[in-house]
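Fit chain S to the known structure of chain A by using the hints.
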Amino acid sequence: MSILLSLFLKLSAFSLVAFGGVNALLPVLLNLAVNQEHWIDLQTFSDYFAIAQAAPGPNFMTVTLLGWHIYGVIGALVATLAISWPSSILIYYLQRFILGIKDPHKKQSIQYAAAALAIGLVLSSAWEIALQINHGLAAYALTLATIAFTLFTRWHPLYFIVLGAVLGLFGFI
Amino acid sequence: MSGFGGVLPWARRTLVERDKILSSEEFSAILGICQIVPGPNIVNLAVCVGSRFAGAKGAFASVMGLTLGPITLVMLLAVLYDHYSYLDSVKGVLRGISAVGVGLIASTGFKMLRDEFRYPAMLLVVIITILAACYFHLGLGWVVLIASPLALVLAWKKAHRL
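Same order as they appear, the protein sequences are chains A and S. For what it's worth, this note's numbering labels the leading residue of the first sequence as 1, then goes sequentially. For what it's worth, this note's numbering labels the leading residue of the second sequence as 1, then goes sequentially.
Next comes chain A alone, as it looks inside the complex (with noise of 0.2 Å):
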């Protein structure tokens, strides 16, 4: 139950400093769950963050598979309402006071501001993630290969992922 506990605050605390969402906090969950309270090893962390890249669904089934790991189907629930419920109810009032800011100069000057600060820390995140899980030079070949592809053509990502999956299977990667 201590471990439900300490997982269920943990990750309630990690909302309220996942700025930039759960990918830019991969590379700070990586560090907690494996290298500080042990709940999981690299292999098993890298495992989970490609199955919830190849599931449908949103990426932040990687904490609800660290959730798994840790307690069965109960701790998959807890980890998911842990990530989610403190940014959920802050988004929900911040977009309405956003919204509701009447001079289009300022509305436009945070959601410019935001956005920035957003590129830079998904591309942040991208980086490291990269350096922890990606493993040779075909598998950094791969993820170049995976951004120039999506950035100039229209193909669903679904095909790159099944791409990603033949190589590995075949042993390329």
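Worth flagging that the hints you see were computed from the coordinates, not collected in a lab. This list has only true hints and no planted wrong ones.
The list that follows gives simulated cross-link-like pairs (lysine-lysine, DSSO-like), each with its CA atoms no further than 27 Å apart: (1) S:K158 <-> S:K20; (2) A:K107 <-> S:K57; (3) A:K106 <-> S:K20; (4) S:K158 <-> A:K107; (5) S:K57 <-> A:K102; (6) S:K157 <-> A:K107; (7) S:K20 <-> A:K102; (8) S:K57 <-> S:K20.
Same frame as chain A, now just chain S:
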């Protein structure tokens, strides 16, 4: 349930590129608000878009609609993983997928970056954020504290320029 590869690229594709419910800049802005507020940005996005159409009920409905199915499915996958993770082929598949997953996250960032070239000074904020996070390894809260004053000043200028 069709959010393969994370919902973010899919959400952008559906809301902006296909249905054109939101413009690219609106999407970046809403996502920006959702990402500046800590927490899972897709849940935040669901709260934002849902409450825009139907208030608190809409927010609750879109969060539940977005999460319950996938959570169930992902736990089934976890059971499979527990049974078959020793297989080399499974390990390989997961390595391949995670390499692609990282790329998908990065490309979401790069797609949003395109809009910033209309006001290049803003790129300075992006660069500072990345340096603070990746080179100086500051905590996320600090990164935001350091970068946000400049972001607000430049955003104020950008809002008056465009």
